[in-house]
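Asks: Take the sequence shown: its position 236, counting from 1, is numbered 235 in numbering that gives the first Met the number 0, and each next residue is one higher.
Please keep in mind that the hints were generated in silico from the structure rather than gathered at the bench.
Glycine is no exception: its CB is placed at the ideal position from the N, C-alpha and C atoms.
A portion of the hints provided could be inaccurate.
What follows is a set of in silico ranges between Cβ atoms, one per label pair, in the way DEER data are often shown [said to hold, decoys possible]:
no., residue 1, residue 2, range
1, 74, 203, 41 to 51 Å
2, 220, 74, 35 to 45 Å
3, 2, 227, 14 to 24 Å
4, 242, 29, 16 to 26 Å
5, 198, 85, 39 to 49 Å
6, 198, 54, 23 to 33 Å
7, 15, 131, 16 to 26 Å
8, 197, 140, 44 to 54 Å
9, 216, 128, 16 to 26 Å
10, 54, 18, 32 to 42 Å
11, 126, 179, 32 to 42 Å
12, 245, 127, 27 to 37 Å
13, 56, 201, 35 to 45 Å
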Amino acid sequence: MSTYKIHPIVMGTKNFDKSMMTYQYNNGKNFTIPIFCWYLEGGNKKILVDTGEMTPIQSEEREKSINGKIFRFEEGLDRFGLKPEDIDIVIHTHLHNDHCENDYKCSNATFFIHEKELETIHNPHPLDYRYLEDYIEDIEENRQIEIVTNDCEIVPGISVMHTPVHTRGGLSVIIETEKGKAIITSFCVIKENFYPPNEIKALEMEVIPPGTVVNAYDSYDIMLKIKEMADILLPLHEPEFASIETI
């Protein structure tokens, strides 16, 4: 089986109340998260997980807050000798705009997207304001989308698992590495969601669901399952990864 190295590339940031990450906890605390595009190096395909923001805010203040460099899409790929047209596969954790704004640049890629994400982006509930179908129109018109309906292997060593925590069609990405099974979560969380502080543990909570959830009870159970499965746990917006070149 192929094994992979995982390269987190910061393609944007968001600054907001920390409770957006941690359900009913950390209200009133200002927090900045990195938005990642993940390059999976290995095998014979050039593979990304998500594509990030099109025009990220690149400021000293934002970079200091995450302790890492913020790149535009082409800049980030160039670090690994890649151009957007070199990408063979993009796996989408979900289709909120900050995860798919550069899709149209990957003109030769096949995009793996869960069917429920496609349903939602074309007919969003008012609460789903983070979806904007404009960002996937090009890849739809070019028939670049491979619709995912069940958990499946994408290529040897990389598979996806339907985890409807943050969105109905979230796909967590399972990657075989030399040091075990790494999982990039489909849901927008940080390490604190999986390793809560003592005051949360005192409530007999083992994990904290994200601030935006489909169903808080189901989300809690899915997160426990992911935590148990992973040798290397990669919460989708963990700031620690902004300063790490390779996992």
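Asks: Could you run down the list of hints and mark each one as holding or not?
Replies: Here's how the hints hold up against the structure:
1. 74 x 203: 41 to 51 Å: 45 Å, holds
2. 220 x 74: 35 to 45 Å: 39 Å, holds
3. 2 x 227: 14 to 24 Å: Since the Cβ atoms of residue 2 and residue 227 sit about 21 Å apart, the hinted range of 14 to 24 Å holds.
4. 242 x 29: 16 to 26 Å: 20 Å, holds
5. 198 x 85: 39 to 49 Å: 47 Å, holds
6. 198 x 54: 23 to 33 Å: 39 Å, violated
7. 15 x 131: 16 to 26 Å: 18 Å, holds
8. 197 x 140: 44 to 54 Å: Given range 44 to 54 Å: holds, Cβ gap about 52 Å.
9. 216 x 128: 16 to 26 Å: 24 Å, holds
10. 54 x 18: 32 to 42 Å: 27 Å, violated
11. 126 x 179: 32 to 42 Å: 37 Å, holds
12. 245 x 127: 27 to 37 Å: 34 Å, holds
13. 56 x 201: 35 to 45 Å: 37 Å, holds
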